[in-house]
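Asks: Listed below, chain by chain, are the residues.
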Amino acid sequence: MISLRGVSLIYPNGVRALDGVSLEIAKGDFVFLVGHSGTGKSSMLRLLYREQVPSSGEITVDGIRVDRLARGRIPALRRHLGVVFQDYKLLSDKTVWENVAFAMQVTGAHTRDVMRQVPRALDLVGLAHKSRMFPSELSGGEQQRTAIARALVNNPKILLCDEPTGNLDPTNTTEIMELLLRINLKGTTVVVATHNQAVVDRMRRRVVRLENGKVATDEERGYYYLGLGQGQILSG
Amino acid sequence: MDWGKVKFFLGEVLRNFTRNAGMQATAIGTVAITIILLGTFLFVRATLAGLGNDILNQIEISVYFTNDASPHQEAIVRSTLLHDPRIASVVFVSKAQGLAELRKQTNGIIDTSLLTENPLPDKLRVKVVDPDSVPSVADGLKKMDGVATVVYPQTVVARLLALGGVLRKIGIGVIVTFFLVAGIIISNTIRLTVFARRREISIMQLVGATNLYIRAPFICEGMLDGVAGSLIAIVVLTVARVWLWPKLMLALPWISLNSTTVNGPVLLLELLAVGAAIGAVASWFSVGRHLRA
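Quick mapping for you: the protein sequence lines, in order, are chains A and B. Numbered per my numbering, the first sequence spans residues 948 to 1183. Numbered per my numbering, the second sequence spans residues 19 to 311.
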């Protein structure tokens, strides 16, 4: 589903965000990308939805060669992807319903489909009863669930999450993670960049650890730190 | 037809348009002023051109034959003129007719009965279609056999033609400037809206909206600015035309301003189209700059 081969990303200021990263993510996988801030987690996600172009290497997402993708083909790629951010990126002057519908409406979806898909997505994230509320009237967790509903409303095959629980308390964090798991169980490939050690250690999923722009470890059912359980924190 | 789509789209345009009411008002106001200036300029130019043409159209070339010119020579000159597409009319005035006209014009002040012979030559009174061709027609006539002199109000023609040329150049310059000013102002307004909506645009890009789709509401917004400004300008210009113009005509009775040379409705429609076009082009560029960034 997602494949990176020898991918490097060097910013114009000379910073090497990614350095020869190779990674395969199969359909239906649930993968944590972990590592300190600035180790290239977000950069890698940005490469996947073609917000950035790699300096070298090959990237394939759902059969599309993203590194070679023409500018005009980017919208088509992004319709296959859902992306969720730490800061939710909701529109404050639109209701929950409108925020979710927005993702369909601006891609030219038929109103009939919007009317069918939006309630479904809101049901999935458990916000059907708050569809008329504005983001400012919601808790952080509810706002993130709205953002997830928006990311899912077009039925993407892949959901990319960049620090989805970064602004949330532990209770909301657990809820969001359970929601992501449910989404994954329905067949969606989920990639979560996070530095929330508790979440990673509790979920016991595949963990790809980035260090200095390189894949340091890649474990099935891994921990945040290689081979260590929760509570054992290494320095550095 | 998916009316839900239409409703959503129009809702987005309206939301944009009403969000920065102050900025929109500024843009519309500036477009209105620009279009008023443009309209006034076009109107004045057309009226002046009409005035100039009226004067030029009355200009006559008088062709005097030599006293010994043969009827054959005179006939050749005349038929040449009649076959020349630049010529509107040719009137032959014989010696006798010339004298009769002179008597009439001088109204008996000069006693022509004292003349022992008619000193006037035969002549042709020539009118041309396009005033621009007066000098060249006159030059051609001078070279023909039997023609003594060719007379026309040379300086009037030359000055009016020069004035017309200068007016045309100034006009094009002024119009281009106005277009640029209006374009820049709308472009800046749209850029502010784009800036205010950059979050929305980034989300649109994120979920896979095409650039054309992202552009469309801004283009419509720009066109709305242009059309609204033009409509205000049109109201002002119409009021000026209907109410102010007759007063001006009364105040300046000695100028026979022939305002029929301006086709009012067509001019107003053109101004409307110009406003919409400026708005569309300006916003296309200001959104484009953002989308590429």
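Derived by calculation from the structure, the hints in this document are not laboratory data. It cannot be assumed that every hint is accurate.
What the hints assert, rightly or not - Beta-carbon label-pair distances, calculated as ranges:
1) R1020(A) with D148(B): 37 to 43 angstroms
2) G1055(A) with W261(B): 36 to 42 angstroms
3) G306(B) with E1166(A): 28 to 34 angstroms
4) E998(A) with L66(B): 54 to 60 angstroms
5) G306(B) with N960(A): 53 to 59 angstroms
6) R1012(A) with G306(B): 22 to 28 angstroms
7) P1066(A) with M19(B): 20 to 26 angstroms
8) F197(B) with N960(A): 40 to 46 angstroms
9) G1019(A) with P153(B): 55 to 61 angstroms
10) E1158(A) with F197(B): 21 to 27 angstroms
11) A1163(A) with L230(B): 39 to 45 angstroms
12) G1055(A) with G306(B): 45 to 51 angstroms
13) G306(B) with R1020(A): 15 to 21 angstroms
Every residue gets a Cβ at the ideal spot worked out from N, C-alpha and C, and that includes glycine.
Asks: Within 53 to 59 angstroms or not, the Cβ separation of G306(B) and N960(A)?
Replies: Distance hint for G306(B), N960(A) is violated at roughly 27 angstroms.
Asks: If I claimed the Cβ atoms of A1163(A) and L230(B) lie 39 to 45 angstroms apart, would that claim hold in this structure?
Replies: At roughly 43 angstroms between Cβ atoms, L230(B) and A1163(A) fall inside 39 to 45 angstroms, so the hint holds.
Asks: Can you tell me whether the CB distance of G1055(A) to G306(B) sits inside 45 to 51 angstroms?
Replies: Distance hint for G1055(A), G306(B) is violated at roughly 20 angstroms.
Asks: Please check whether F197(B) and N960(A) have a Cβ separation lying inside 40 to 46 angstroms.
Replies: 41 angstroms, holds
Asks: Using the Cβ atoms, figure out if P1066(A) sits within 20 to 26 angstroms of M19(B).
Replies: At 24 angstroms between Cβs, range holds.
Asks: For the pair G1019(A) and P153(B), does the Cβ-Cβ distance stay inside 55 to 61 angstroms?
Replies: Distance hint for G1019(A), P153(B) holds at roughly 59 angstroms.
Asks: Between E1158(A) and F197(B), does the beta-carbon spacing fit 21 to 27 angstroms?
Replies: Since the Cβ atoms of E1158(A) and F197(B) sit about 58 angstroms apart, the hinted range of 21 to 27 angstroms is violated.
Asks: Do the Cβ positions of G1055(A) and W261(B) conform to the proposed distance bound of 36 to 42 angstroms?
Replies: 49 angstroms, violated
Asks: How does the Cβ-Cβ distance of G306(B) and R1020(A) compare with 15 to 21 angstroms: does it lie in that range?
Replies: 18 angstroms, holds
Asks: Can you let me know if the beta-carbon spacing of R1020(A) and D148(B) is within 37 to 43 angstroms?
Replies: 58 angstroms, violated
Asks: Does the Cβ-Cβ separation between R1012(A) and G306(B) fall within 22 to 28 angstroms?
Replies: Because 26 angstroms falls inside the window, the suggested range holds.
Asks: Note whether the CB distance of G306(B) and E1166(A) lies within 28 to 34 angstroms or breaks it.
Replies: Roughly 46 angstroms apart at Cβ, these two residues miss the hinted range, so it is violated.
Checked against the numbered hints listed earlier, the structure breaks hints 1, 2, 3, 5, 10, 12; every other hint is satisfied.
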